[in-house]
Amino acid sequence: MSVKCPVCGKAAKSGTAIDCARHMFGTGDKAHRAWFESQGLSYIDLLLSQTTEPGNKAYVTVAELIEKAQKD
Amino acid sequence: MEKHLLRITVNDRDYELFINPKTLLVEVIRDHLGLTGTKRGCESSSCGCCTVIVEGMAVKSCSVLAMQVDGMTVTTSEGLEKNGKLDAIQKAFLDNGSYQCGFCTSGMLMSSKALLDENPSPSVMDIREGIDGNLCRCTGYNSIVRAVAAVARGDYREDKQ
Amino acid sequence: MKCNVINTPVHNVDGIAKVTGRATYTFDVTVPGMLFGKILRSPHPHARIKNIDASAALALNGVRAVVTGKDTLGIKQGIWRRYKELCDEQILPLEKVRYIGEPVAAVAADTEEIAEQALDLIEVDYEVLPAVYDPMEAIKKEAPEIHEGFERNINVTRHIEWGDVDDAFDEADYIREDWFRCSGQAHACMETRCAVASYTADGKLAVWTSTQSAYYHQVLLADVLGLKESDVRVIAKYVGGGFGGKFELDAAQFCSSVLSMKLCKPVKIVFTREEDFIASKRRTPMYYYVRTGVKKDGTFLAREARVFTDGGAYTGMGATALYLTGFFHSFPYKWRGYRHDGFRVYTNTLPSTSMRGFGTPHATYCSELQIDLIAKELGLDRIEIRRKNGHTPNYEVPGQATIASCGLEQCLDEIEKWIKSRGELPPNRGIGISSYGFMSGGIFNRFDTPYSFSSAVVTINYDGKVDLHVGAQDIGQGSNTTLAIICAEDLGVRLEDIRVHSGDTAECPPDLGAWGSRQTLMAGNAVKMAAGEAKRQLLEFAAAQMSPNIVYDLDIKDRWVHLAGRPERGLDYFEVVKKALRGKDGQRIMGRGYYTPHRKGMISPAYSYGVQALEIDVDPETGKIKLLNCVTAHDCGQPINPLGLTGQLEGAISMAAGYGFLEDIPIEDGMVMNPNLVDYKLIRAPDMPETEVIEIETYEPEGPFGAKEAGEGLTNPTAAALATAVLDAVGVPIKELPITPEKVLNALKEKKAQ
Ligand code: FES
Ligand code: FES
Ligand SMILES: [Zn+2]
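The listed protein sequences correspond, in order, to chains F, B and S.
Oh and the first sequence: position 17 is 17 in this note's numbering, straight run, nothing missing.
Oh and the second sequence: position 6 is 6 in this note's numbering, straight run, nothing missing.
Oh and the third sequence: position 219 is 219 in this note's numbering, straight run, nothing missing.
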C-alpha cells in the first residue's frame, strides 16, 4: 500500500514513507509545517538536521510518524 | 605646536608653507595645496592610491612626513601633462582603458611612470611587480600592464606620433 | 546592422579627467565653512543603549554638535520600501545595537582630530546582551532574539519550485548530496564611504556622496529626514567604486545630514578603511546543501537545495540575495524538477548586502563543483554534461523566465577548443571550467518608485552638439561612455558630439541607478528612445526640405542627413540643426525616453551567458594556488564598448578569483579580525592570470542594439572555475570558500589517508 501525505494526500511514486517525508519537507508550506508542529516536532530543527548532517535521520523520523499516522 | 617652514617644488611650482611638523606629505599635497588628484585609500600604507614621485622615485605620500622631503621635487598626476600635452603613460592608459572608477589611477600612473623611468624596457613580470604596491579593485590590472608595456615598446615615442 | 560608433574602441568620456587627476570625488569635495564629522561606534555585538552622555564632548573646544538617535526621527529604514517589516535599521539606533561597529553617536567639529578626540569623551551606558554570530546557531531555539517578532531570527524565507521534484528524483539513476560553505567578501572600494552634507536655512539639503544611485539616496534621505524629495539634492559626479556596496543609506550620508541640519553648516564624513571594513556591508556568507539527481547518461533531472544565509544585523538590500541565489543555482541548466529553499538569518555581525553577482557566485560555485563531481562519478565528459543540459535560445524556465538569446552552446564549443589546445598538462596543473549566466536588470520594484526604471533626455543644441541627461550612475563601469555611444549611434553623430550629464538629482531625471546589471539594457533603452525622439523632430524638419515620400525614408549617419535608399543625397547634419532651430521659432530639439520592463518574466528581461576556463598550478607541498590563464567565452549580445567590456571582464576575474582563494571576513566574538588592507588580501598585479575573452555575439531583441548585461555576471564563474581547477589539478574538491592553502593541504592529507 502506498503512503499518502497526511496533509495534502499526495503519494510518492515509490509509495514509500521516506519519499513522502521528502515531499513534506520539500513543500514546506504553512500547512505542511503545521503538521510537524502538531506532532510535537520542530520543522526548522528537522530541516536543519536534514540539511547539515549526512544521512537521512530527519526523514526517517518523519517517515515513522507518517506511517504511524497512516495506521491510526 | 610650533610650525616649521617647508620649501617644496610640486609640479614645477615652488611653495613655501608653514606646517605642523607631523603633517604627512599627502596632507600637504591634498589639503594645503589642493591637489586632490592624489588620493588616500587606507591608513596602513598598503593601497598605493597616494603614490607620487619624489626626486624620480615612486613614494607613498601617506608614509612620509612632509618635512622629510623638504627642498625636494615632487610630481603628482596633475603634473604629468606638459604644455597641454599628455604624457605617454597617460595616453597609454586612455588607449588601453586602464582605469575604471579612477580612484587608484593617479597612484597607478605615478608608479608606472617611475618604473619606466628606472627601467625603460621592463618584462611583464617587472611591470606587475612594479605596481605590486598599488591596489585596484576595478580593472584587474591587466589593462594597466598592457599600457605600461605599450609605452615600453615605444608606441608613444614622439617620432611615432 | 552596420554601426559607426558601437563596438569600436573609444576612450571613455571621462578619461581625460581621470588620467589628469582632475576628476573630483566626494572624497575631494570641500565646501567653504565645512566641518568634519566622526562616528562613535558600538564596541558590543549586542547591547541595549541605556544612556548617552555627550556633555564632556560638547565642552571640548572646537566641537560643534553631537547627535544620537534622539536627534533623529527614529525612522526604521531599508531599501525594500514596499515591505515595512523589512525596513529594520535606524542608522543611529534608539534602543539597541546589534553589531560591533554600529553607529551610536556622531560628532561635528572644526577638524577631524578634534572630532576624533570628542568621540573618546562621549559616555555610553550599555546593557550588554547575549549575542550570536553564525546563522546555524542563530536559528536554534535557544539563540538570543536579535529583532523582535522574527521567530528563530529568520529574517526572510524564500521558496522557489517548478516541475514535480519528487517524481524527477524517482527517475534518477544517481543522486548526490553535498554541503558547501561560502564566505563573505568586502566590497573594498578604493574610495571608502563618504559624504558631504550641506543644509541651508531655506530648508534645502545638498549631499555629495559616493553612491551607485543618486536617486535612491535622494528618496532614502528624504524619508528618514522628513524632507520633500525635491528639497534633497544628491550629487555624485565621480564614484570610487561601488560593486553593490553603495546604494543603501550609509552612516556617512545619514550622520552628516543630521549634523548639518542641526547646525546649518556643511559637514563632511569620510570612513576610515577600518570603518569601511567593520561597518559598511558585505557579500552574504552562505551555507549550502545541494541534492541533485541525474540519469546514467548525465541528463539532469532534479535538484533540491537549501541555503542558510548570514544576514548580519539588518535586512537592507540583502534579502534579494536569497532569491537570486535560489534562481541562479539552477543556471544555466534545464531541470525537470527544481526546488530551492532559502533562509536568511539575522546574526550579531555586520549586515550583508548586495555585491557584484549578488548570491550568484555562491550558487555557481556549489552547482558547478557538484556537476564536476557527478561527471567524475559517472565517467562522463565535463563539457558534454554541460552541453547536454544547458539552456538554449527561446527556452522557458518553467513559470520563471523566458530566455530569448542564449549563446551557451557556442561558448562551450570555444572553451572545449581552448582546453584541447593546451594539450597534456604537467602534474599539479589543472583547468577548471564553469558555465554561468546572469540577468540584465531586475524587473522587481521593491523600492517602490513611481517613476520609470530608467529615463533620459537628449537635447540638440544650435551647434549640433548634444546634451545627454541620464539618471544612470557611472561608478567606474563606464556607463556614461556606453550611453553616449548608444546616443551617438542612434542620432547619427560622433561620440565627441555628446556631453553626458549624470550623478546629480537636480539636473538629471530619476533612474534606479547602477545595480543588478541593469544600465546597459534599461538606461540604454531609455537613451535610445530619447535620441530617437530628438532625431524624429530633426528629420521632420529635414523632410520638409528634402521631400522624401515619408519621414522614415530619412536617416542620419556620421553627421550626414540623407535618404535611406540613396545615401549620396543628403544634407550636412549641422546645417540641418541650425535651420531646424530657426524654422521652429527657436524651440529646442529635445527628446525624452524612459524604460520600465513590463511582462518580462519574473526576474529580468534578458540573460547573459558564458563559460570560463581557468588554468592553475597547485603546489602540493604548500597548498598554494597560482593562477595562470583565464579564458572566458562570453555572450553579452551585441558588445557596445569593447574596451570597457575587457575591463569589466578582467576586473570581475580579479574580484571573483579573490573571493575564490584569498578574501574572507573572519569574525571572532562578533569582531572582524582583518579590518585593513594588510590582513584582508586583495589580488595584486602579480597574482593576476593572463586573460582572454572570446566574444560570442548574439542579438538580444530586448536590448538596445541587441546588447545585454556585460559586467556583473562575469563575477559568477571564477570561484567555481577555481574549485573545479583544484579538483582537476590535484583531485580534491574543496567545498568551502575561500580555497586557502590550508584547506587544500588538509584535503590532500585526507585523500592520502584513504
Ligand atoms: S593611502 Fe593607502 S598607501 Fe597611502
Ligand atoms: S580603477 Fe577603480 S580602483 Fe582602480
Ligand atoms: Zn503534501
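Bear in mind the hints are in silico, worked out from the structure with no lab data behind them.
The beta carbon of each residue, even a glycine, is placed where N, CA and C say it ideally should be.
A couple of the hints might just be wrong.
[Claimed, not checked] Sample of chain S residues lacking proximity to chain B, with all beta carbon distances greater than 12 Å (derived):
| # | residue |
| --- | --- |
| 1 | K18 |
| 2 | R22 |
| 3 | R81 |
| 4 | I160 |
| 5 | R181 |
| 6 | E575 |
| 7 | K584 |
| 8 | D664 |
| 9 | P686 |
[Stated by the list, open to error] Only part of the chain F face toward chain S is listed, based on derived beta-carbon distances under 10 Å:
| # | residue |
| --- | --- |
| 10 | K10 |
| 11 | A12 |
| 12 | D19 |
| 13 | T27 |
| 14 | Q50 |
| 15 | P54 |
| 16 | K57 |
| 17 | V60 |
| 18 | T61 |
| 19 | E64 |
[Unchecked claim] Rough simulated footprint, nothing fancy, chain B against chain S, three-plus residues with beta-carbon under 8 Å:
| # | segment |
| --- | --- |
| 20 | 183-195 |
| 21 | 230-240 |
| 22 | 251-264 |
| 23 | 351-359 |
| 24 | 362-369 |
| 25 | 471-478 |
| 26 | 500-512 |
Taking the numbered hints from earlier one at a time, note which ones the structure violates and give those numbers from smallest to largest.
-> 1, 2, 9, 16, 17, 18, 19, 22, 23, 24 and 26
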